[in-house]
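With chain A held as given, fit chain B onto it using these hints.
Chains A and B supply the protein sequences, listed in that same order.
Counted the way our numbering counts, the first sequence spans residues 1 to 315.
Counted the way our numbering counts, the second sequence spans residues 316 to 730.
If you're looking for bench data, these hints aren't it; they were derived computationally from the structure.
Please note that a few of the clues may not be correct.
What the hints assert, rightly or not - The calculated BS3-like cross-link candidates involving lysine-lysine, where the alpha carbons are at most 27 Å apart (straight line), are:
(1) B:Lys-450 with B:Lys-690
(2) B:Lys-697 with B:Lys-620
(3) B:Lys-584 with A:Lys-68
(4) A:Lys-213 with B:Lys-396
(5) A:Lys-280 with B:Lys-343
(6) B:Lys-648 with B:Lys-697
(7) B:Lys-620 with B:Lys-657
(8) A:Lys-280 with B:Lys-358
(9) A:Lys-91 with B:Lys-547
(10) B:Lys-547 with A:Lys-280
(11) B:Lys-547 with A:Lys-68
(12) A:Lys-140 with B:Lys-450
(13) B:Lys-343 with A:Lys-213
(14) B:Lys-450 with B:Lys-473
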Amino acid sequence: MSTLAEEIKNPFTLTAPERPNANALEHEAIYILREVAAQFERPVLLFSGGKDSITLVRLAQKAFWPAKIPFPLMHIDTGHNFPETIEFRDKLVEELGVELIVRNVQDSIDQGKVVEETGKYASRNILQTTTLLDAIEEFKFDACIGGARRDEEKARAKERIFSVRDDFGQWDEKNQRPELFDMLNGQIEMGQNVRVFPISNWTELDVWSYIQKENIEIPSIYFAHKRNTFLRDGLIWSAEDGVVFRAEDEKVEERIVRFRTVGDMSCTAAVESYADTIDKVVSEIRDSKISERGARIDDKRSEAAMEKRKQQGYF
Amino acid sequence: MEVLKIATAGSVDDGKSTLIGRLLYDTKSLTDDKLEAIERTSKQKGYDYLDFSLATDGLVAEREQGITIDVAHIYFSTATKSYIIADTPGHVEYTRNMVTGASTSQAAIILIDARKGVIEQTNRHFFINNLLRIKDVIVAINKMDLVNFSEDAYNDIKADFEELMGKRDYQDQKITFIPVSALKGDNVVNRSQNMDWYTGQTLLEHLEELDLQDIYNVGTPRFPVQYVIRPKTEEFHDFRGFAGKVYGGELSVGDEVVVLPSMTRSKIKAIYFYDTEYQTAPRRSSVTITLEDEVNVSRGDMLVKVGDLPIIDKQLTATISWMDSNQLTVGGKYVLQHGVNKTLAKVDAIDHKIHPDYSGIEENVSSLNMNDIAKVRLRLNKPIFYDRFKEHRTNGSFIIIDSRTNHTAGVGFIE
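Next comes chain A alone, as it looks inside the complex (with noise of 0.2 Å):
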């Protein structure tokens, strides 16, 4: 029999079979889902069909088993994602036998509520808060569970687990309610709604280790595979006319790459890799060199881009 602390040191190889694993950072997360379902009356899961947001079903049916994840993803659709990732997203909601709600970024252009941008680096991703913001409003869900991760950019570490916001879906990083010890409070007026974030103390190596030992089905888009691609700004760029603005001079040439992080495909690079299998990208990440976050252009924008957004009530 191993002791616990041998197997908090080796969580992955000295499980002994009369204990569960000892992956702190998996109990947390399944407390956390746990204090949301009991806390709020209508919690959503947001569900992009990236890895994060797969992680995050994989934890909640664990929370919850054997009775169903006791509430619906939702998926805000910029109308520019892979296609690998809905035919992703549509069965896993069939094998889970969850309700999936879809709302669409198109919408809310067509009805006037947002102007799409334009010019070299249009895209769709800062149009999304708008949707998600009627989405809430119009099912009245009191709690958004999203895979953001604090490791992710310098504006999220300071992102609580419980994060309110107001009725325009705003937050004020200023005034951030403590979170002390395991306690989370859940307490909100009406119109106010939380933000969930489960996986906050996950780094991006946690996430891909946890999909590799768990061994949970990711979209393709994940492994090397070849592309036409178009280089930019020293970015790797999907050439796909009409989602992703292309120069005449931007020449498009087929690489083999893959997606390290999966949003609009107008804002998301490719990077160069043969890694074609889940070890292979556990060890790429491994000896990565270049943040996951640095292949996002729309961080790039700015210094203070991604708590600009945040403040606006982007995810």
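Below, chain B without anything else, positioned relative to chain A:
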């Protein structure tokens, strides 16, 4: 991998962000794009060294004022451990953030500027880490390069700090002194070439050797029920699972337990983690427990072992750290959240305020302001099941919620 969370405390300009940046840099945890951003911004500002504080100071307001104003979390890992650093601000008005950061940490670093020595702020930082019963505290005497790496300067500061240690309540706290220069990189990750007289460990060496088994406080097992799982499917028709996290000790199948507050006795029938049954639920595991008998259990109830009962009472005395801009007043009514259990509480009396700089107590107080620490007596509308904070860090603490604003207004450590 082991996860170790460390709280940091230092005054403005003690170089806390620089120390964290140095840890990240010397452990090769900064990625190329982050490093480039630091180099670029440092150059723009005309510095002739790398401004590592840019790696951690996240918010715009902080960059403008050049200070850290909220708790930020920084992640790095070595071959043996994953580290989470809670970067907590040091100025007087933000005591609440320090308490918050320390509440989830197992170790703490207190920074002292070698030119200034032990100042009033140092007393506060030490007081809070001691109040929160952090087991391992590192006193990093920083900016040694600005005092010519002098052993005398280091020894003077150490002696002043040791005087402070005599006043502490929690005597078992382990304290280690390390002379460093975060800016130049001495004794943070790499051994200093400038301080031959120091033979102890570097900061990282010390952290690497901390034993997590030893650093968590062990008590008696407590299982607060978060959520009742009733699948109502054909396959699991009669399944009633009690979901929660185990604190203090471990629980095993066959253990005789008491359900609080009903005091009903039963036996643990099964322990589930996801779809697998296990013999034992270790400390800090989030499991689902079923009982042999049909017992009425709901959220906020607690399972404990027979013969290991906590204190069950409607009255308690606690040291409270107040965190809200609205005052705590005698006679005031609040929501008390003890773990996942909520009750109403009325402030019966404030015994005295405690000055966190070890300058004594203040009696005849009728209200508390943000950042005040005081001994307070509370009366509850129903009994809770608690341990003393000294004996059980989780089951001995609670938060106070102001129901007018829903803010977490304070935290209490039960006597």
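Just pull the numbers of the violated hints for me, sorted ascending. Those not satisfied are hints 8, 10, 12.
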